[in-house]
Amino acid sequence: MGVEGIGARVARKEDKRFLTGKGRYTDDMVVPGMKFAYFVRSPHAHARITGIDASAAKAMPGVIDVLDGKQLQADGIGNLICGWMIHSKDGSPMKMGAWRPLAVDTVRYVGDAVAIVVADSAAEARDASEAVVVDYEELPVVTTSLAALEAGAPQIHPEAPGNLIFDWQIGDPAATDKAISEAAHVTEIEILNNRLSPNPMEPRATLGIYDSAEDHFTCYTTSQNPHVARLVMSAFYNVAPENKLRVIAPDVGGGFGSKIYIYPEEIVCLWASKKTSVPVKWTSDRTEAFLTDAHGRDHVSKVKMAFDKDHRIIGLKVDTIANLGAYMSLFSSAVPTYLYATLLSGQYAIPAIHANVRTVYTNTVPVDAYRGAGRPEATYLLERTMEVAARELGVSPAELRRKNFIRSFPYQTPVIMNYDAGDYEASLNAAMEAADWNGFPARRAEAERRGKKRGIGMSCYIEACGIAPSQAVGSLGAGVGLWESAEVRVNAVGTIEVLTGSHSHGQGHETTFAQLVADRLGVPIASVNIVHGDTDKVQMGMGTYGSRSGAVGMSAIVKALDKVEMKAKKIAAHLMEADESDIVIENGELKVAGTDKTLPWFQVALAAYTAHNLPAGMEPGLKESAFYDPSNFTFPAGCYIAEVEIDPETGKTDIIQFVAADDFGNIINPLIVEGQVHGGLAQGIGQALLEEVRYDEATGQILTASYMDYAMPRADDLPSFTLSHQNTPCPGNPLGIKGCGEAGAIGSPPALINAITDAIGHDRLTMPATPLKVWTALQDAPTRLAAE
Amino acid sequence: MYDTSYHRASSVDEAVNLRSSHDEGRYLSGGMTLIATMKQRLAAPSDLIDLRHIPALKGISVEGRRVRIGAATSHAEVAASSALRAVCPAISDLASMIGDPHVRHMGTIGGSVANDDPAADYPAAVLGLGATVITDRREIAADDFFTGMFETALDEGEMITAIAFDAPDKAGYAKFRNPASRYAITGVFVAKTGSGVRVAVTGAGSNGVFRHAGMEAALSTSWVPESVASVSVDASALMSDLHATAEYRANLVRVMAKRAVASAG
Ligand SMILES: Cc1cc2nc3c(=O)[nH]c(=O)nc-3n(C[C@H](O)[C@H](O)[C@H](O)COP(=O)(O)OP(=O)(O)OC[C@H]3O[C@@H](n4cnc5c(N)ncnc54)[C@H](O)[C@@H]3O)c2cc1C
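Protein sequences, first through last, are from chains A and B.
According to our numbering, the residues represented by the first sequence are 1 to 788, in order.
According to our numbering, the residues represented by the second sequence are 789 to 1053, in order.
If you're looking for bench data, these hints aren't it; they were derived computationally from the structure.
Keep in mind it's a predicted model, so treat the numbers as computed, not measured.
All residues carry an ideal CB built from backbone N, CA and C; glycine is no exception.
Some clues are possibly wrong.
For each label pair, taking beta carbons as the anchor points, the in silico distance ranges come out as [said to hold, decoys possible]:
#1 Met-937(B) - Glu-190(A): 32 to 42 Å
#2 Asp-791(B) - Lys-70(A): 27 to 37 Å
#3 Leu-830(B) - Pro-61(A): 15 to 25 Å
#4 Met-937(B) - Arg-450(A): 34 to 44 Å
#5 Ala-74(A) - Asp-791(B): 49 to 59 Å
#6 Asp-888(B) - Glu-182(A): 52 to 62 Å
#7 Gly-62(A) - Leu-830(B): 20 to 30 Å
#8 Gly-936(B) - Thr-50(A): 32 to 42 Å
#9 Asp-28(A) - Glu-927(B): 22 to 32 Å
#10 Thr-50(A) - His-795(B): 14 to 24 Å
Derived coverage of chain A by chain B (criterion: at least 3 residues anywhere in the stretch with Cβ under 8 Å from a Cβ of chain B; other residues may be distant) [stated by the list, open to error]:
#11 706 to 715
#12 770 to 779
Please take these sequences and the hints and turn them into a complete structure.
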């Protein structure tokens, strides 16, 4: 429908609040008697705690109390857990080491929380934290996954001998080995996927409030999924039963995955609030964010891709080691397994795939999902391999991909996924045309005359969104179901509240969800409010990650709207003495088709609540709820092309153009979708060119704990993007939506590295392609095998 | 940040007196380095003596070829000064390359020169122009001023009041930015002055800003970009860090010198 419905470029309703400083974030919350926390953190990457003396700190001005891990343990607060069980190929369960919210005997990374200081002000808490004397006995340190697996490496958790958490596989090893042995050509490559820090604009924060009269806790927190937080804190951490714990995630300033997980700070502040009888607030500073927010990626992989004599892929073998850091974060085990290896077929028909994944502990920040979560790692691996293969085979990278595309759907891959719909060639063609792919040689020659090196590269990505159906994820080890819920409440005069289990932290739900309602009921979006983020207001829901709010969250709203619509039609039919099946909803009115009889929407709502004249036996009110569990993942896909120009004197890469051709299925609000793509591309370009968390291997100190050394992309690092959409509606959900939140971050890194390696003439380059690395690579002779 | 006391001085004398009566006190200019360091709890001055409201420290004067820039003059003012641009556009260009707009409107030349960050831009200009650092008690030649990383010839409590120099015949600055901080990984300031050619390198030296004799000789012979392109740069005296190896920096010194000469015309 019209200007505000599905497909309309509506400006975001929530932006007025955000842009005028009127957002309400966790740190903005003030409650009577509130005090402030500062965490004493380990300065060592690995050490035994031999003593904690807080007596001097407790005597300092404003200090209310200093609490440590022994007290926490004595009060029965549980350890943090990973909620997705993975079994090794020998059948044994993953080896999860204990993660205590406050370390008791051992610290395992720099930043590991050891004690909490509660004081009248944040400054006093911090002052006092410096007076807490912790005696450490330093232990040897290991920071990289390869070193952690070596014989004699420092042992990080007693539960995981040799630091190996699991050794898992997927696919058919025998068939894959056979394909490789019979291949006409095998491309072999080693792939590194760099470790990233998520850097949401709003750092994490929490406010724990204990009400002794009701024995009730309230937790304000920067969460992407407040209900999951409550569930986990109740069921596993023994903070409080669910009916005694309210979790509120108000405005949240970005998450990118890092705010899915339950961290020590929420649990400790809730417990500390009870211990000290005051509300306790903690807000991370930027340094703490670098030290404690779950990192992303950090894979090392070996790849073999086998081709027959016609350049068809006949097998793919992958051996990956994923660094999970010092502890297993909430979904850490799922990321390098079911969110990664299940996407290794990419857009290609590959008859045999085998992937082996080992995950390891190191003395680094825990690693978990970060925008894309597993799928960027799969895409980077596959699309780099395809590019190298095309170079080795001396064929066009576009033609090699085209030849191997999956063309009929549904398509069952050898790695679980069943692709429902897609048209990969449409995106490839659209991207090549938008990028003027065929005109590249002339542009390269022109750049050459100016002493610059041009390169062009593409990436054909596929990803999986929704992370559902629940039964399927349950059978793969997930501790939760991944459905979504909605309640549509029509008020007595027709305005509408939608209570959703999704959580918006930048995605624009308040606008898109309202557009859906506007489309269905013909009411203006101004009369629709989206309510989310509070376990006391909203029914149980699963939150927002994995680009699931459109495909899963909105589908739940559709189901609830179906019920509302049905009841409204019944009432209207009754009032207008017409047949229910003749009622249509148009422009805010319920009409009897083919007549001039109409009732405005608000009158039907009012009739539902006055209940003076309802059909016999009908309950008063107009409010319906629904739970939606999808039948499959959704599969957004597309083709990205990057064209770069390198200054050979400095190694600096400029992005000349970046083309993104995406198939997200149906689109509710193109403006918001484009914004999501822009943001995703910025993060993907950040990974490809700029960002990397680095550790000192000897000490485990993080070397990139500020923006002085961790390079975030800035506006002038990015080109203006050229976007287009190819739309094959998703058959699996009522709106035909696939999801768009992560694609940009998933598809862009390989396009850039393919372009840069095209420019420099060889493939010995790892992300991030900093000027130093590119310049160094340019000092190497171009020893590419292929005739170019 | 630890507790500190703030003083707003209205004259140089008042500021120097305040500073001498507080052993653990520090001058505060733009605060772009000092406040950030205090927030990180890496510095804990008992007292801050704010210099930004002292009229004598502010403003740019150009008399003939003689230039004087007050210590509390912001980078933005230096970048925007048409009087300065008319005689020495290189220093205005350099100021426009520092940080971001916020930093340029707060940060000052005096603060930057006193701080002598090895990756800061101004030290290259001050040394490259052969400028004079004027303090509350004396005048110090640039060649004697920068003594190492974050180290200068300033005595305890000594205050920079201005930077003065004769406008060069030609000058240029080229900077290669650190992708994260945008400070100089390598910055080269070249100047052709009445008393000869000067080439100053910042961001690269393991002992802070330095002059490059080989390049100065080459450019004295022939002031064209190609002159410096083949001059050898000793990597062993350069820094290696996360962002750049010494070899890479040695290359950048040559490339930036070449571009600085080209920009000088
Ligand atoms: C995000 C960011 C990016 C930046 N990027 C760059 C960059 O690209 N290039 C660059 O060169 N710099 C950069 N800077 C630093 C900036 O230029 C600062 O302005 C400068 O380093 C310090 O100047 P200030 O006036 O802020 O001094 P302050 O921070 O106030 O003081 C610095 C030090 O100098 C002392 N001091 C100040 N004034 C005097 C004086 N008159 N006499 C004696 N001592 C004095 C202070 O006591 C203190 O020790 C950046 C800073 C930030 C925050």
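Outcome of the hint check:
For Met-937(B) and Glu-190(A), the hinted distance range of 32 to 42 Å is satisfied, since their beta carbons lie about 38 Å from each other. For the hinted restraint 27 to 37 Å between Asp-791(B) and Lys-70(A), the CB-CB distance of approximately 32 Å keeps it satisfied. Range check, Leu-830(B) to Pro-61(A): about 23 Å between beta-carbon atoms, so the 15 to 25 Å window is met. At about 37 Å, the beta-carbon gap between Met-937(B) and Arg-450(A) stays in the expected band of 34 to 44 Å.
For Ala-74(A) paired with Asp-791(B), a C-beta distance near 36 Å fails the hint of 49 to 59 Å. At roughly 58 Å, the beta carbons of Asp-888(B) and Glu-182(A) sit within the given window of 52 to 62 Å. At roughly 23 Å, the beta-carbon separation of Gly-62(A) and Leu-830(B) lies within the given 20 to 30 Å, and the hint holds. Take Gly-936(B) and Thr-50(A): their Cβ atoms lie about 40 Å apart, and the range 32 to 42 Å holds.
At about 52 Å, the beta-carbon gap between Asp-28(A) and Glu-927(B) misses the expected band of 22 to 32 Å. Checked against the hint of 14 to 24 Å, the C-beta distance between Thr-50(A) and His-795(B) comes to roughly 45 Å, which is inconsistent with it. Given a C-beta distance limit of less than 8 Å, the hint that chain B covers the segment 706 to 715 of chain A holds, as 6 residues qualify and 3 suffice. Under a criterion of three residues with beta carbons nearer than 8 Å to beta carbons of chain B, the stated coverage of the segment 770 to 779 of chain A is upheld, 5 such residues being counted.
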